Amino acid sequence: MLPLNATITQIIEESPLIRTFFFDHEFEDMKPGQFVMVWVRGVDEVPMGLSGKNSITVQKIGEATSKLFELKEGDSFGLRGPFGKGFTLPAKGEKVLVIAGGVGAVPLLPYAEASCAAGAEANALLGARSSEYLLFEGRFEALGKVYISTDDGSKGVKGFAVDALKSLNVAAYDRIAVCGPERMMASVFSLLEERKVLEKAEFSLHRYFKCGIGVCGACCIDPSGLRVCKDGPVFSGVQLIGSELGKYSRDASGRRVKI
Amino acid sequence: MQKLPAGRKRSYVMYTLTGLKLKNPTILAAGVLGTTGASLCRVVREGGAGAVVTKSIGPAPKTGHPNPSMVKLDCGFLNAMGLPNPSYPAFFQELEFAKKNSDAPVIASIFGGNPSEFAEVAEGLLPAKPDAFELNVSCPHAEGYGAAIGSNPCIVEAVTAAVKDVVNVPVWVKLTPNVSDITSIGNAAESGGANAVVAINTVKGMAIDIESGYPILGNRSGGLSGKAVKPVAVKCIYDLYTALEIPVIGVGGVSSWEDAVEMMMAGAAAVQVGSAVYDRVDIFSEISTGIEAFLKRKGYSDIKKIIGLAHEMV
Numbered sequence: 001m002l003p004l005n006a007t008i009t010q011i012i013e014e015s016p017l018i019r020t021f022f023f024d025h026e027f028e029d030m031k032p033g034q035f036v037m038v039w040v041r042g043v044d045e046v047p048m049g050l051s052g053k054n055s056i057t058v059q060k061i062g063e064a065t066s067k068l069f070e071l072k073e074g075d076s077f078g079l080r081g082p083f084g085k086g087f088t089l090p091a092k093g094e095k096v097l098v099i100a101g102g103v104g105a106v107p108l109l110p111y112a113e114a115s116c117a118a119g120a121e122a123n124a125l126l127g128a129r130s131s132e133y134l135l136f137e138g139r140f141e142a143l144g145k146v147y148i149s150t151d152d153g154s155k156g157v158k159g160f161a162v163d164a165l166k167s168l169n170v171a172a173y174d175r176i177a178v179c180g181p182e183r184m185m186a187s188v189f190s191l192l193e194e195r196k197v198l199e200k201a202e203f204s205l206h207r208y209f210k211c212g213i214g215v216c217g218a219c220c221i222d223p224s225g226l227r228v229c230k231d232g233p234v235f236s237g238v239q240l241i242g243s244e245l246g247k248y249s250r251d252a253s254g255r256r257v258k259i
Numbered sequence: 001m002q003k004l005p006a007g008r009k010r011s012y013v014m015y016t017l018t019g020l021k022l023k024n025p026t027i028l029a030a031g032v033l034g035t036t037g038a039s040l041c042r043v044v045r046e047g048g049a050g051a052v053v054t055k056s057i058g059p060a061p062k063t064g065h066p067n068p069s070m071v072k073l074d075c076g077f078l079n080a081m082g083l084p085n086p087s088y089p090a091f092f093q094e095l096e097f098a099k100k101n102s103d104a105p106v107i108a109s110i111f112g113g114n115p116s117e118f119a120e121v122a123e124g125l126l127p128a129k130p131d132a133f134e135l136n137v138s139c140p141h142a143e144g145y146g147a148a149i150g151s152n153p154c155i156v157e158a159v160t161a162a163v164k165d166v167v168n169v170p171v172w173v174k175l176t177p178n179v180s181d182i183t184s185i186g187n188a189a190e191s192g193g194a195n196a197v198v199a200i201n202t203v204k205g206m207a208i209d210i211e212s213g214y215p216i217l218g219n220r221s222g223g224l225s226g227k228a229v230k231p232v233a234v235k236c237i238y239d240l241y242t243a244l245e246i247p248v249i250g251v252g253g254v255s256s257w258e259d260a261v262e263m264m265m266a267g268a269a270a271v272q273v274g275s276a277v278y279d280r281v282d283i284f285s286e287i288s289t290g291i292e293a294f295l296k297r298k299g300y301s302d303i304k305k306i307i308g309l310a311h312e313m314v
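Chains A and B are the protein sequences, given in the same order. For the first sequence, counting from 1, position 4 maps to 4 in this note's numbering; every step adds exactly one. For the second sequence, counting from 1, position 295 maps to 295 in this note's numbering; every step adds exactly one.
Hints were generated in silico from the structure; no laboratory data involved. Keep in mind that this is a model prediction, so the values were computed, not measured. You may find that some hints are simply not true.
In silico DSS-like cross-links for lysine-lysine, where the CA-CA straight-line distance does not exceed 30 Å [stated by the list, open to error]:
| # | chain 1 | residue 1 | chain 2 | residue 2 |
| --- | --- | --- | --- | --- |
| 1 | A | Lys72 | A | Lys60 |
| 2 | B | Lys204 | A | Lys230 |
| 3 | B | Lys305 | B | Lys230 |
| 4 | B | Lys235 | A | Lys72 |
| 5 | B | Lys296 | A | Lys230 |
| 6 | A | Lys247 | B | Lys129 |
| 7 | B | Lys72 | B | Lys235 |
| 8 | B | Lys100 | A | Lys258 |
| 9 | B | Lys21 | A | Lys31 |
| 10 | B | Lys164 | B | Lys204 |
| 11 | A | Lys158 | A | Lys92 |
| 12 | B | Lys227 | A | Lys85 |
| 13 | B | Lys99 | B | Lys23 |
| 14 | A | Lys85 | B | Lys21 |
| 15 | B | Lys235 | A | Lys230 |
| 16 | B | Lys129 | B | Lys72 |
| 17 | A | Lys67 | A | Lys92 |
| 18 | B | Lys304 | B | Lys21 |
| 19 | A | Lys230 | B | Lys305 |
| 20 | A | Lys247 | B | Lys99 |
| 21 | B | Lys164 | A | Lys230 |
| 22 | A | Lys95 | A | Lys60 |
| 23 | B | Lys100 | A | Lys230 |
| 24 | B | Lys72 | A | Lys67 |
| 25 | A | Lys230 | B | Lys23 |
| 26 | B | Lys100 | A | Lys247 |
| 27 | B | Lys72 | A | Lys60 |
| 28 | A | Lys158 | A | Lys247 |
| 29 | A | Lys258 | B | Lys99 |
| 30 | A | Lys258 | B | Lys23 |
| 31 | B | Lys72 | A | Lys53 |
| 32 | B | Lys296 | B | Lys204 |
| 33 | A | Lys67 | A | Lys196 |
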């Protein structure tokens, strides 16, 4: 698949460093949790979670995203996807908890929306460094209960997402979906492991993607050798027991880097 | 006109290649699912590969070319990874892991900018006990490496001899098709002491995004693999089989057992599979099962009966 040409139809400023870019193409069969490769021509191509059938929500973090932030409505970028495996949708009547750290809320919003559309109940735990960095708070509130943690205590529980999670009854949920910074996911993983609910939890991992289509092997995780871009990015908690999650990842050259 | 030594006992697809015992003739090609030890083991365990070749490893860490580094076309794949690798000291633990946890041979693919760099990388990885080395003198899109070296017969011979001097395991040399006469390069590898040649690496190629005019690959151009290159590979293997005494390992566009059989009839002693893992990691089991069924159906007592068969059919 060659990159399709996506023209920006609308840009929404979500928080100081996060913007949603709507484009003129709808991925009708997109599964929440899948990603696209966003090609900022002449710069780089980077993986981005879909925040909807026709949108990506991006944190300005490096060269490619900085260039992306210079684009205006009517400008275009290249787009390939959707790729990878998404979150498992709940059955009607089930209860879902999504746990988001910062920009990790991106794939969890369409998942929570799809869960509600499937007749499930979707609650959210949102963690952010401060209240102004909370992402999609209103849209999650429209779906179900929202629990909040902020590092500086400006809203909700003062502390990390895992601190707010400690007071929730995770056993009451049928499915738990997690996405956020690696340390946050590792601490949530440990708590869910302690509470013996890993088999109903799923985590969306991020690793350096080279080819993005499951051939090169740059994003494989230890010790399973599973590819984050094709066998993931969403993995069940059970698949991640004893894995490199929270310990190390590999950089663009393949060298191990401590988390 | 069989190239493999006669008198070896084996049934159908089990056999020996340059001294390595393979449970079947399918081998994971270099540059594919070979960056980590765990991934290589998965290709053996779940994929069913008879052997695996690592990502090409060089003297220093390289991040490779910017993305997009690989795109799927209707006729195959276009890539320009740019030899990303952690360097041999950092890859050592991955190779060690693969060797300890895989029951199939693990071949270390290496590259360098000159004969002494090749020798340095080979010596550095040798204590991790790779079963063989494959010399990458054929990557079409890394300046100063790969095909920049592999299109000159004198350098290919010198590089091969330099590695042979420092290792005690078989050395395979992977050839580029982007030359006017691949047999002259193959002959140079043989003169340098190679135990086998591997043909072919990718064919130079390019794709352009017509909406913007930008070349799609981050490196602007790269190498073509997959279905489109299979006829090119078959012809190169056919010619090398005639020109060389050492075995030719076939690679380029194999995605089914029929492709593998065709390549073997052209003269391939084994086949490597790369891009086809895109569809399924267990492609190796599928191909070897298919070859075995074919041999039984056609009444061939042994896989070596079909190697080079096309040369006899005149």
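Evaluated hints:
no.	hint	verdict
1	A/Lys72 to A/Lys60	holds, 15 Å
2	B/Lys204 to A/Lys230	holds, 27 Å
3	B/Lys305 to B/Lys230	holds, 22 Å
4	B/Lys235 to A/Lys72	violated, 51 Å
5	B/Lys296 to A/Lys230	violated, 36 Å
6	A/Lys247 to B/Lys129	holds, 27 Å
7	B/Lys72 to B/Lys235	holds, 24 Å
8	B/Lys100 to A/Lys258	holds, 24 Å
9	B/Lys21 to A/Lys31	violated, 44 Å
10	B/Lys164 to B/Lys204	holds, 29 Å
11	A/Lys158 to A/Lys92	violated, 34 Å
12	B/Lys227 to A/Lys85	holds, 26 Å
13	B/Lys99 to B/Lys23	holds, 16 Å
14	A/Lys85 to B/Lys21	violated, 37 Å
15	B/Lys235 to A/Lys230	violated, 33 Å
16	B/Lys129 to B/Lys72	violated, 35 Å
17	A/Lys67 to A/Lys92	violated, 42 Å
18	B/Lys304 to B/Lys21	holds, 14 Å
19	A/Lys230 to B/Lys305	violated, 38 Å
20	A/Lys247 to B/Lys99	holds, 23 Å
21	B/Lys164 to A/Lys230	violated, 38 Å
22	A/Lys95 to A/Lys60	violated, 33 Å
23	B/Lys100 to A/Lys230	holds, 26 Å
24	B/Lys72 to A/Lys67	holds, 25 Å
25	A/Lys230 to B/Lys23	holds, 28 Å
26	B/Lys100 to A/Lys247	holds, 22 Å
27	B/Lys72 to A/Lys60	holds, 28 Å
28	A/Lys158 to A/Lys247	holds, 25 Å
29	A/Lys258 to B/Lys99	holds, 24 Å
30	A/Lys258 to B/Lys23	violated, 37 Å
31	B/Lys72 to A/Lys53	holds, 22 Å
32	B/Lys296 to B/Lys204	violated, 38 Å
33	A/Lys67 to A/Lys196	violated, 44 Å
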